[in-house]
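Using numbering that gives the first Met the number 0, the first residue of the sequence shown is number 0, and each one after it goes up by one.
In case anyone wonders, no lab produced these hints; they're calculated from the structure. Values in this document were obtained by computation on a predicted structure and should not be read as measured data. Ideal Cβ placement from N, Cα and C applies to all residues, glycine included. Some clues are possibly wrong.
As the list claims (entries may be wrong) - Label pairs and their computed distance ranges (CB to CB):
1) LYS269 <-> GLY91: 39 to 49 angstroms
2) ARG197 <-> GLN137: 21 to 31 angstroms
3) ARG212 <-> ARG124: 39 to 49 angstroms
4) VAL196 <-> ALA139: 22 to 32 angstroms
5) THR285 <-> SER193: 48 to 58 angstroms
6) GLN70 <-> SER158: 19 to 29 angstroms
7) SER158 <-> GLY297: 42 to 52 angstroms
8) SER209 <-> ASP58: 36 to 46 angstroms
9) ALA312 <-> ARG124: 44 to 54 angstroms
10) ALA189 <-> GLN137: 16 to 26 angstroms
11) HIS307 <-> HIS204: 24 to 34 angstroms
12) ARG197 <-> ALA311: 44 to 54 angstroms
13) VAL196 <-> ASP79: 16 to 26 angstroms
14) SER60 <-> LEU93: 28 to 38 angstroms
Said to hold, decoys possible - The calculated lysine to aspartate or glutamate pairs, modelled on EDC-like cross-linking and capped at a C-alpha distance of 16 angstroms, are:
15) LYS260 <-> ASP296
16) LYS169 <-> ASP184
17) LYS169 <-> ASP296
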Amino acid sequence: MRYSLLKSLTVCATSWALVLSSMSAARAADGAAEEEASNLTLIESVTGTDDLLNVMPGDNSEQVYLPEDGQDLASVSGDDSSISFRQPVAAGALTQVSGEGTASYISEDAEYDVHLQAVESPDPRVLSDGLRSLIEIQSASAPTEYAYPVRLDDGAVLSVQPDGSVLGTKDGDIVLIVPAPWAIDEAGTAVPTSYEVRGSDLIQHVNFDSTHRFPIIADPVWFVPLIIAGGRIIGQVAINAATRAAAQRAAAAIAARTIIKSVSGRVSRKALRDCGLGAAVTGGATAIATHLRQRGDGRWLVRLNGWHGTVAASVGGCLATRIGK
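Please take these sequences and the hints and turn them into a complete structure.
So, in C-alpha cells, the structure goes:
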C-alpha cells in the first residue's frame with residue numbers, strides 16, 4: 000500500500016490568540032464574567048469560522064456528530080466507513096456552544112478544557128466533513144498526554160506514520176486520516192507534540208516545560224475518505240491547501256499577539272478611573288500595582304489587583320502614560 004498523501008502532507012503549525020473584547024468602564028466591573036464568555040470564541044479567533052459547519056451538539060448531521068456530553072462519542076462518517084472517538088474531556092465538564100457552533104467542554108476542576116468544531120471538507124469529492132478537536136492546557140500541572148479512544152470498522156487498525164500523522168487502515172485501504180499534530184503556547188512558541196497508538200487509543204503527547212507560557216493549544220483533526228482507490232487518496236492537493244490556509248491564519252494570530260511594549264508600575268486610583276478601569280479595582284489602596292503589555296494589534300493586556308483582561312488601545316495607552324503619576 001502506498002501512503003503518497005501523507006508523504007507530502009504539510010505539518011500544520013497553527014497558532015492561536017487570546018483575544019478578549021475591548022471594554023468600557025461600565026463593563027470593567029464584569030471582567031470575570033466577560034472572560035468566561037470569551038471561552039466560547041477563544042478557539043474561533045485562531046481557527047477562523049469560514050470552514051465551520053454550524054452543527055449543534057446532539058444534532059444529526061450526515062457526516063459529523065458532536066456530543067452534548069463531552070465524554071460521549073463524537074463521529075465522522077463517509078460513504079463506506081465510519082469512525083467514532085471519545086475526547087479527553089474531564090468528568091463533570093459543562094458544555095457551552097458558540098453562535099458559530101464551537102462546542103466547548105469546560106471543567107472547573109481539571110487544568111485543561113476541550114473544544115470541538117465540525118469543519119467543511121477541503122474537497123467534498125474525496126473527503127468527508129471532519130471534526131477538529133482542540134485541547135486548551137491551562138497550567139504546568141495539567142497532564143502531558145491525552146487519550147482519544149477510537150472505534151473503527153471491524154478489522155481496521157491505527158498506525159503512526161513517519162511524518163507524525165496517523166492512518167486508520169482496513170484490508171490495505173485508508174479509512175481514517177489524522178494529520179500530524181501541533182501544539183503552541185501563548186507566546187506563539189511551538190511545543191513538542193506527537194501521537195502514539197496504544198491498541199485502539201490515539202494518544203497525543205504534549206511535552207511542555209517551564210519555558211512555555213500558558214495556555215497551550217494542541218490539535219488533532221479527523222477526516223474520513225469518501226473515495227478509496229488502491230490505498231491512495233485523490234485529495235492530496237485539497238488537504239495541503241487546507242493546511243496552508245491554517246498556517247496563514249496562524250501567522251496572522253502570532254503577529255497580533257506579538258508583544259511590542261511592556262510597562263509595569265503603580266497607577267493611582269484616579270488615573271484608573273480617568274482611563275476607564277476604576278470599576279475593576281477593589282480595596283482601599285490609593286495606588287495599584289499594574290502590569291501592561293501592548294500587543295501587535297494595538298490592544299493591551301492588563302493585570303492589576305487580581306484582575307486581568309485585554310483592553311482597547313485608548314485605555315492601555317492612557318494607563319501607560321499614567322504609570323508612576
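Hints, one by one, checked against the model:
A hinted range of 39 to 49 angstroms for the beta carbons of LYS269 and GLY91 is consistent with their spacing of about 44 angstroms. At roughly 25 angstroms, the beta carbons of ARG197 and GLN137 sit within the given window of 21 to 31 angstroms. Evaluation of the 39 to 49 angstroms hint for ARG212 and ARG124 yields a pass: the beta carbon distance comes to about 41 angstroms. Evaluation of the 22 to 32 angstroms hint for VAL196 and ALA139 yields a pass: the beta carbon distance comes to about 27 angstroms.
Checking the proposed 48 to 58 angstroms range against THR285 and SER193 shows it holds: the Cβ atoms sit about 52 angstroms from each other. Between GLN70 and SER158 the Cβ separation comes to about 26 angstroms, which falls inside the hinted range of 19 to 29 angstroms. In this structure the supplied range 42 to 52 angstroms holds for SER158 paired with GLY297, their Cβ-Cβ distance being about 47 angstroms. Range check, SER209 to ASP58: Cβ separation about 42 angstroms, and the 36 to 46 angstroms hint holds.
Separated by about 45 angstroms at the C-beta atoms, ALA312 and ARG124 satisfy the suggested range of 44 to 54 angstroms. Taking the beta carbon of each, ALA189 and GLN137 are about 19 angstroms apart, inside 16 to 26 angstroms as hinted. One distance hint, 24 to 34 angstroms for the beta-carbon pair HIS307 and HIS204, holds here, with the actual separation near 30 angstroms. For the hinted restraint 44 to 54 angstroms between ARG197 and ALA311, the CB-CB distance of approximately 48 angstroms keeps it satisfied.
Range check, VAL196 to ASP79: Cβ separation about 22 angstroms, and the 16 to 26 angstroms hint holds. With their beta carbons about 23 angstroms apart, SER60 and LEU93 fall outside the hinted range of 28 to 38 angstroms. A C-alpha spacing of about 12 angstroms is found between LYS260 and ASP296, which places the hinted pair at or below 16 angstroms, so the restraint holds. Proposed proximity of LYS169 and ASP184 is contradicted: the alpha carbons are some 36 angstroms apart, above 16 angstroms.
Taking the CA atoms of LYS169 and ASP296, the gap is about 48 angstroms. The hint is violated against a cut of 16 angstroms.
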